[in-house]
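Peer 1: The chain contents come next:
Number of protein chains: 4
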Amino acid sequence: MIDWRSFEELRVNSGMLHRRSELVEQAKGFGRASVRTDLAVEARDLARERLGAEPDGIVSDEEKGDFARAITVRVLTPEAERVTGKRMGTYVTIHCPDIRVSQKEAKEEVAKFLSSKLSQMMAELGIGPEDEVLVAGLGNWNATPDAIGPTVVGKLLVTRHLHRVLPPEKRGGLRSVSAISPGVLGLTGIETAEIIASVVEKTRPRAAIVVDALAARSTTRIGTSVQIGNTGINPGSGVGNRRFGITADSLGIPVIAIGVPTVVDVTTIVMDVLGAISRGEDQNIAELPPERMRDAVVNMIGPDMSQMVVTPKEIDVIVEMMSTVVAGGMNTALHEALTEDEIYEYLH
Amino acid sequence: MIDWRSFEELRVNSGMLHRRSELVEQAKGFGRASVRTDLAVEARDLARERLGAEPDGIVSDEEKGDFARAITVRVLTPEAERVTGKRMGTYVTIHCPDIRVSQKEAKEEVAKFLSSKLSQMMAELGIGPEDEVLVAGLGNWNATPDAIGPTVVGKLLVTRHLHRVLPPEKRGGLRSVSAISPGVLGLTGIETAEIIASVVEKTRPRAAIVVDALAARSTTRIGTSVQIGNTGINPGSGVGNRRFGITADSLGIPVIAIGVPTVVDVTTIVMDVLGAISRGEDQNIAELPPERMRDAVVNMIGPDMSQMVVTPKEIDVIVEMMSTVVAGGMNTALHEALTEDEIYEYLH
Amino acid sequence: MIDWRSFEELRVNSGMLHRRSELVEQAKGFGRASVRTDLAVEARDLARERLGAEPDGIVSDEEKGDFARAITVRVLTPEAERVTGKRMGTYVTIHCPDIRVSQKEAKEEVAKFLSSKLSQMMAELGIGPEDEVLVAGLGNWNATPDAIGPTVVGKLLVTRHLHRVLPPEKRGGLRSVSAISPGVLGLTGIETAEIIASVVEKTRPRAAIVVDALAARSTTRIGTSVQIGNTGINPGSGVGNRRFGITADSLGIPVIAIGVPTVVDVTTIVMDVLGAISRGEDQNIAELPPERMRDAVVNMIGPDMSQMVVTPKEIDVIVEMMSTVVAGGMNTALHEALTEDEIYEYLH
Amino acid sequence: MIDWRSFEELRVNSGMLHRRSELVEQAKGFGRASVRTDLAVEARDLARERLGAEPDGIVSDEEKGDFARAITVRVLTPEAERVTGKRMGTYVTIHCPDIRVSQKEAKEEVAKFLSSKLSQMMAELGIGPEDEVLVAGLGNWNATPDAIGPTVVGKLLVTRHLHRVLPPEKRGGLRSVSAISPGVLGLTGIETAEIIASVVEKTRPRAAIVVDALAARSTTRIGTSVQIGNTGINPGSGVGNRRFGITADSLGIPVIAIGVPTVVDVTTIVMDVLGAISRGEDQNIAELPPERMRDAVVNMIGPDMSQMVVTPKEIDVIVEMMSTVVAGGMNTALHEALTEDEIYEYLH
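Chains as they are written, first to last, in this note's numbering: chain A, 3 to 350; chain B, 3 to 350; chain C, 3 to 350; chain D, 3 to 350.
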């Protein structure tokens with residue numbers, strides 16, 4: 003006799019247990035304001051807040067455009083890795099707070115920033131202009147806040163199949179690019195990381211780029227930032243809390259991760275409010291003992307709550323717009339033949 | 003010269019301003035625990051908490067099944083309307099906490115409860131078994147948490163066009179049913195309420211049923227409850243905060259509203275935590291002065307936050323499942339020819 | 003007892019009976035090569051073939067671009083209407099045979115042609131730059147070949163709801179535009195024409211533009227042509243064979259129809275082959291008696307076949323591309339503030 | 003300088019060249035009535051017609067239900083393989099001509115036939131009730147007639163990820179099933195066969211089941227038949243004309259193919275009409291010399307026409323219904339715990 007209840011509970015809860023214990027740990031660290039973020043720049047800012055100073059082993063750099071900024075955060079030492087929770091490597095965040103209410107030029111600037119930073123990162127990783135690249139769009143296409151990866155993949159200029167039948171002189175600056183949307187564990191029964199690894203083994207690209215929806219610390223990041231990193235995808239990141247890493251180690255080739263924040267964890271929001279109150283910030287509220295706060299939060303983090311995200315009502319508009327911007331930037335970085343002016347060329 | 007900024011800001015913010023001022027009012031009422039819910043049963047419970055007693059003018063009733071309960075809340079007086087924020091009328095909430103981890107029988111029980119309560123409400127409103135009914139699926143089909151209305155509409159047995167060409171003896175217990183998904187203001191430029199009113203005027207159905215995604219007070223309600231009410235849709239309700247009512251007054255025919263909670267407002271979550279702390283509940287935490295809490299919350303409610311919702315990561319699975327349950331229950335209530343055993347018949 | 007069979011047959015066949023008798027009539031006219039097309043330019047060419055000369059009452063005009071041509075066909079007399087089967091009025095077809103294998107400039111040229119011809123037609127109909135326009139995207143969004151109308155609507159710059167809250171000096175050249183996708187009879191139970199009429203009565207726009215997928219005579223027209231006409235939608239046109247007209251007569255306001263061919267009727271293909279054989283064209287095949295051909299065709303046109311369409315396998319790519327081109331052209335024609343260079347502006 | 007034209011032509015035409023030369027060959031064979039079909043039962047019937055007798059090496063068998071029939075065709079010899087164009091093996095076609103206009107029982111009978119035939123085929127291939135199975139849904143989810151594979155996959159009870167964390171006594175008759183929708187070459191740049199092979203190598207299932215949309219010879223097969231075969235997918239089959247085989251040879255494990263006809267090739271329709279005329283069937287039309295017919299057909303088969311399919315207008319309804327039937331049958335065959343009465347259980 004089939005035990006539907008235990009089966010269904012497992013279905014519902016898979017991925018949840020892992021995350022929950024992590025959250026309880028996180029909440030215990032409350033007072034040290036340990037909230038979750040997939041963005042290195044936010045992790046750096048949290049470390050700064052906690053330490054009251056720039057953490058050692060982190061070098062930052064900022065470039066300003068007319069509408070957007072590109073902030074580069076380098077995590078250089080194991081200590082910096084521990085403090086930020088971000089693996090040693092380089093993370094560029096392009097941030098354009100007003101992108102939704104701005105004219106076309108703002109979107110183009112973000113796409114150009116992304117294109118130039120991605121080109122630079124590929125060059126640093128030794129990926130030449132003719133090297134084949136596999137793009138993987140992570141996430142669940144059925145759930146809007148998790149759909150940015152597959153949506154970007156649907157807008158890419160995919161060429162691998164054409165490359166194979168064209169003589170080199172006809173390729174004219176178009177790189178060989180393949181692209182998959184592997185789905186999520188609940189849909190396939192197979193870990194995303196496994197599917198990507200198997201396709202890499204079979205098709206032997208020179209590098210992989212993974213595109214994913216991210217969880218930010220602050221709602222102001224949703225739909226306004228793009229992060230490019232050279233360390234791949236690490237366990238626990240993403241809207242769906244990817245369970246296994248997708249990295250140079252696991253794939254055997256360089257992995258660049260491009261992410262767009264679309265959600266904030268509910269627990270982050272709650273801890274943020276409590277933090278504001280306990281620190282007496284903004285409101286000059288007297289401090290409440292941190293342990294009481296912590297208990298309140300731990301109590302709130304039921305298995306339900308750890309599976310909840312905060313997302314804007316108009317998330318569909320944000321995913322559509324940002325996937326166009328990201329695909330535009332990726333297309334021009336991947337294909338030399340496309341100039342900056344043609345950043346949206348292929349999308350027409 | 004076009005002022006894109008003001009235009010785009012308007013686009014982004016339309017619907018937001020209205021809601022924000024309401025939220026600030028709500029937050030000011032904090033301490034009186036005024037949090038938002040579209041569910042009458044939650045509104046009743048909040049009133050109970052505040053008053054420490056059953057509010058006057060509210061009569062409740064409960065029916066138990068093997069898996070689910072049906073709780074009927076009748077708001078009988080203007081005073082009860084004021085206290086609950088729900089218009090005078092009848093609201094039935096079918097609640098099945100374990101529906102996701104239960105076998106098929108639980109889903110069928112919810113569909114049957116829905117069918118029987120809907121039939122009863124239609125009879126009370128004088129809607130006969132041959133009277134034509136228009137169903138409207140509210141919400142934005144592009145954003146998963148707001149898509150339940152259009153998804154239900156896609157699963158209904160629509161017959162109005164066939165009815166017109168069939169002789170009565172061939173109709174065999176199938177009612178004339180039409181169904182529209184009017185979209186949302188941002189997609190059409192027209193108020194949902196206006197589109198429905200115009201179709202009602204043209205096609206002259208005897209009654210309307212509107213299906214919508216709801217905001218609950220508690221995350222435990224998401225995907226586990228269905229509410230049926232005889233007062234239609236009131237301004238401010240739903241995931242997208244409908245701006246105009248869809249009621250017997252505005253349409254000139256009876257309006258039944260069926261809703262499934264898919265989100266909780268972020269502000270509700272935050273106020274809930276603060277409430278728990280301030281009341282010292284669960285945690286024996288000393289009270290913080292309510293006015294300090296209130297200031298903290300008002301401060302947090304920026305225009306961003308009031309457009310944010312809390313929703314489960316697996317919202318796509320919930321919307322798919324609950325829309326099947328709701329459509330199954332509606333099909334059997336609407337069409338006499340379908341028996342309870344055929345509750346999912348048409349869906350195959 | 004419900005008679006499911008007659009009900010279901012009706013569901014399946016609704017719309018079919020009408021069309022079938024029409025097809026049999028058409029086939030009887032075979033030898034006079036009466037094949038179906040929604041394109042006036044093809045209807046003119048068929049009339050030319052039959053008559054061996056330019057039919058009376060038809061005036062044509064052609065404009066050439068670098069990639070595309072715009073052919074204007076004016077049907078001026080009742081006799082010309084009878085001969086072509088197209089209502090008296092003006093039809094512009096923009097044709098770009100290589101649009102799929104051409105660079106971006108070709109797509110932009112088609113969008114600009116469309117924009118300029120649409121502007122001109124609106125001016126001729128007395129529609130001023132500030133007059134409100136309702137756009138209706140006809141067709142079934144679930145069936146790719148019939149989805150072009152709703153897809154175009156999803157890419158329009160909809161402004162009616164913003165207009166109402168903006169002072170005139172802030173509107174800066176953006177017209178008030180609303181847009182609906184009314185669905186198809188099988189989904190709603192309501193005639194598309196009825197829904198549009200009811201929304202027109204309620205919102206009182208100055209003019210309507212309906213966008214629809216068309217049936218062409220020749221497969222070379224699929225995804226390569228756009229037709230703009232000032233006579234609205236006539237019964238029997240479109241992929242789904244609209245059953246009622248959507249015209250100035252039925253709505254009380256000017257109606258412009260924009261269509262993109264996505265299918266050819268199966269019967270057209272068959273009659274085309276038979277015609278080629280019977281006329282001994284291309285192949286120098288001896289003539290077969292036309293009545294034998296006719297019998298063969300009439301025999302083939304079962305109820306099944308009359309519901310079949312011919313469409314390219316890559317129809318999804320065609321619908322996506324052409325809906326972007328059409329929406330780009332419409333956005334610039336509708337909103338003075340958008341220049342020709344910004345033809346795809348809003349789409350980013 | 004990038005040669006967009008050659009690149010785009012390649013994009014549009016990839017997959018087309020292969021098929022075209024095949025079609026010209028086929029047309030040359032005209033008179034021998036060589037038309038394309040993916041259904042073995044139709045290929046047998048065509049061979050019968052040509053030979054005027056049952057071809058050697060083919061054994062057929064038929065089982066009748068109340069609504070449907072299951073016809074088993076065994077291709078036993080290399081000669082039979084040559085004559086039918088179907089690889090040696092077993093093909094079961096379940097045919098229910100009235101499935102769309104019939105009550106629920108007809109759909110259930112088809113699902114039960116499928117379940118029982120699939121179980122039997124798995125047993126014959128030595129696949130035990132606990133062996134892991136990978137399901138692959140072939141085809142393009144963006145184009146309705148090619149979407150049946152991915153749609154079925156979305157309705158399967160996927161369990162592999164749960165199996166790994168459940169003790170055997172808790173699995174209660176649920177097999178380990180994984181499922182992927184690999185997309186099509188134009189979307190990924192990678193051959194579907196390559197993606198499946200790589201996932202098989204990585205996850206090591208005991209067998210694979212591929213689900214695909216098929217091309218039939220006759221429009222009466224569309225949406226009324228399901229074929230189950232034990233020879234996998236062969237090059238040239240399917241709506242998209244799969245270019246590489248997916249077979250026991252290429253994957254190293256047994257491959258069962260399940261297919262639903264959703265289209266007929268345009269050339270098939272044309273050759274059918276010509277055949278009917280030339281054979282003087284039905285109409286007593288005098289024979290036209292076959293070589294003239296052939297020339298006419300070869301002339302018609304341009305690169306455009308060979309990429310065209312014939313499909314019903316209501317293909318969306320057919321794909322939705324048949325994917326439910328197929329997924330229902332597969333779920334009960336794959337999971338012992340599901341009884342025949344629960345054929346649609348999981349779908350609720």
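None of these hints come from the bench; they were simulated from the model. It is possible that part of the hints are untrue.
Pairs count within a copy or across copies, as identical chains cannot be separated in the list.
Distance condition first, Cα-Cα at most 27 Å in a straight line; then the derived DSS-like pairs of lysine-lysine [stated by the list, open to error]: (1) Lys204 - Lys66; (2) Lys66 - Lys106; (3) Lys106 - Lys204; (4) Lys157 - Lys106; (5) Lys157 - Lys172; (6) Lys66 - Lys172.
Peer 1: Where does the structure disagree with the numbered hints, that is, which hint numbers, in rising order?
Peer 2: 1, 3 and 6
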